[in-house]
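Asks: Construct the complete structure from the given sequences, taking the supplied hints into account.
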Amino acid sequence: MDGNLNALTTVFTEFYYWVTVVFMFLIHVGFCMYEVGASRRRNHMHTLMKNVMVIPLVTVTFFFFGWWIYWAFPMFPFFGGLDLEAGAANLPWAETMGPNAADRITGVFWAAFLLFSWTAASIVSGSVIERIRSSALWVHAVLIGSVWWIIDAAWGWHYGGWMVKYLGYHDAYASGVIHAIAGGYALGVIMVLGPRIGKFASDGTPRDIPPHNPWMLTIGVFLIYTGFWGFYAACNVPIISPEGIDGQITGTTWTATNIYLAPTSLSGITFNFLMSLSGGLMAAYVMSRGDAFWTFSGGLAGVITASAGNDLYHPVQAMLIAAVGVVVVYKLHFWVERKFKLDDAVGAVAVHGYSGVVGLIISGFVLWGVPSSPYEGYAAINPVGQILGAVIMFFVLGFLPGYIVAKLQASAGVLRIPEEVELEGLDYAEHHAYEEAKQEIIEADKAHLASKIAPAE
Amino acid sequence: MSTIGYESWAVDLADVGAIYPFQGAEVLMVILGVAFWIGWHRIQFVREAEHLENAKKRAVDHERIQESVERY
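First to last, the sequence lines map onto chains A and B. Residue 197 is where the first sequence starts when you use our numbering, and the numbers rise one by one after that. Residue 9 is where the second sequence starts when you use our numbering, and the numbers rise one by one after that.
Since the hints were derived computationally from the structure, they do not count as laboratory data. Glycine is no exception: its CB is placed at the ideal position from the N, C-alpha and C atoms. Be aware that a few hints might be false.
[Claimed, not checked] Incomplete in silico selection of chain A near chain B, CB under 8 Å: (1) T449; (2) A452; (3) H510.
[To be verified] Across the chosen pairs, the derived CB separations fall in these ranges: (4) A606(A) to I39(B): 31 to 41 Å; (5) P406(A) to E78(B): 18 to 28 Å; (6) E15(B) to V207(A): 32 to 42 Å.
Replies: Okay, structure coming up:
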């Protein structure tokens with residue numbers, strides 16, 4: 197850190213990312229609350245532990261290889277080899293992957309990406325509640341959190357990624373790179389996993405399975421909104437000079453940028469986060485006729501739809517794009533549910549997957565011709581690049597791996613819990629120790645009462 | 009052609025102002041946004057009136073109302 201300005205910039209950037217990471221922890225808290233609230237009483241501890249253990253499993257694997265993938269894969273395998281030079285500083289044994297007086301950014305930047313990884317895994321976790329084996333889900337969590345999403349980030353969410361360079365792919369706040377891929381992955385898994393017992397009547401009509409605790413669900417979604425705000429900030433580079441970018445920008449004016457190092461502002465994305473949240477909530481309220489949970493999820497779907505271009509949209513555009521996305525997503529969810537008999541327990545495929553895809557496609561038209569990068573020789577943002585990007589995110593890197601791995605797990609008999617356990621409830625089958633301990637202490641207290649304390653006259 | 013007016017970032021940011029798409033159409037965008045907002049209220053008024061009308065028809069059953077009152 198030569199000079200006071202560099203030192204201040206570095207420490208500010210370090211602290212900025214650290215704050216975003218703490219905010220983003222609330223996304224996971226929110227997902228846990230939402231899943232537990234949505235599950236039935238007999239499954240809620242199992243549901244909770246399934247998502248809590250995503251945290252350590254994705255964290256350690258993201259340290260061991262996920263972070264390296266991001267730096268090594270931007271052109272691999274179609275347009276070049278692995279970038280071993282950039283990857284070297286991000287290997288788990290590199291000096292920069294620990295306390296290091298010469299590097300104050302790697303740790304917080306790694307953590308910001310890691311929290312995105314938890315989100316990707318947690319999106320899948322919600323759709324499969326009450327019938328998947330935890331061991332199976334945790335393999336999926338590692339794969340989506342530390343492999344597939346970070347490959348898509350290297351390709352389409354990196355200033356040097358091939359999708360950005362050759363397709364003009366633009367996805368500032370991760371409509372595709374987090375939400376479409378995770379929604380697609382979840383769809384692949386639930387297609388193999390099958391619906392919960394009782395979800396569909398014998399004539400194929402879907403039944404609603406009401407949440408055991410709607411208030412927990414409500415607080416969960418509001419925490420996700422809060423964490424999502426931190427996520428938006430984490431997707432920006434807070435302050436950088438044209439010299440630091442070393443691209444085509446001239447002059448000496450410093451700026452905030454998106455992940456591609458192209459100009460945006462924290463102020464602009466704050467407008468757009470709130471306007472797209474509002475557009476989503478309003479559209480979802482109307483579409484669902486005031487259903488509380490679809491309205492809340494619609495707020496989220498609205499933000500996700502607008503996220504691809506929320507670094508540049510006008511706030512009114514963000515609001516209207518969010519509303520359009522929610523209308524499409526809501527219709528599509530129920531059509532897919534009826535047509536294919538799929539049980540997406542929390543609507544994750546729709547809220548994340550379909551919203552992400554719709555958002556990418558819309559942004560290709562609204563941002564047509566906008567430079568995708570501050571560097572020379574990059575394709576401009578365009579509808580074809582965004583549509584191809586949506587297919588790569590949702591289907592190629594999301595749906596296919598999820599479907600294939602779930603098929604392998606199903607053929608090995610390790611995907612779904614036995615029917616008897618599903619009906620009895622996972623908490624009683626797996627957490628019997630709690631019930632036994634409870635019973636034992638109740639009996640002990642009753643015995644103490646009978647032997648030591650005389651009844652009142 | 010670029011919807012934000014810049015086809016590359018080979019610019020001095022000191023000279024750059026708005027970077028959102030369709031600059032010059034702000035008033036039209038706001039009109040569309042206001043129409044969305046007013047339309048939302050209209051839909052809501054109509055639907056809530058229908059909902060309350062239906063609820064009122066159900067309310068002739070005093071036993072059912074009493075059950076609701078007791079449920080708190």
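Asks: Now, for every hint given, state plainly whether the structure supports it.
Replies: For each hint, the structure was consulted:
Because the smallest distance between the Cβ of T449(A) and any Cβ of chain B comes to about 4 Å, under 8 Å, the interface hint for this residue holds. A least Cβ separation of about 11 Å between A452(A) and chain B goes past the 8 Å threshold, and the interface hint is therefore violated. Nearest Cβ of chain B to the Cβ of H510(A): about 4 Å, under the 8 Å cut. The hint holds. The supplied range of 31 to 41 Å is broken by A606(A) and I39(B), whose beta-carbon atoms lie about 54 Å from each other.
Take P406(A) and E78(B): their Cβ atoms lie about 22 Å apart, and the range 18 to 28 Å holds. Between E15(B) and V207(A) the beta carbons are some 36 Å apart, a value that agrees with the proposed interval 32 to 42 Å.
The structure fails to meet hints 2, 4 from the earlier list, while all remaining hints are met.
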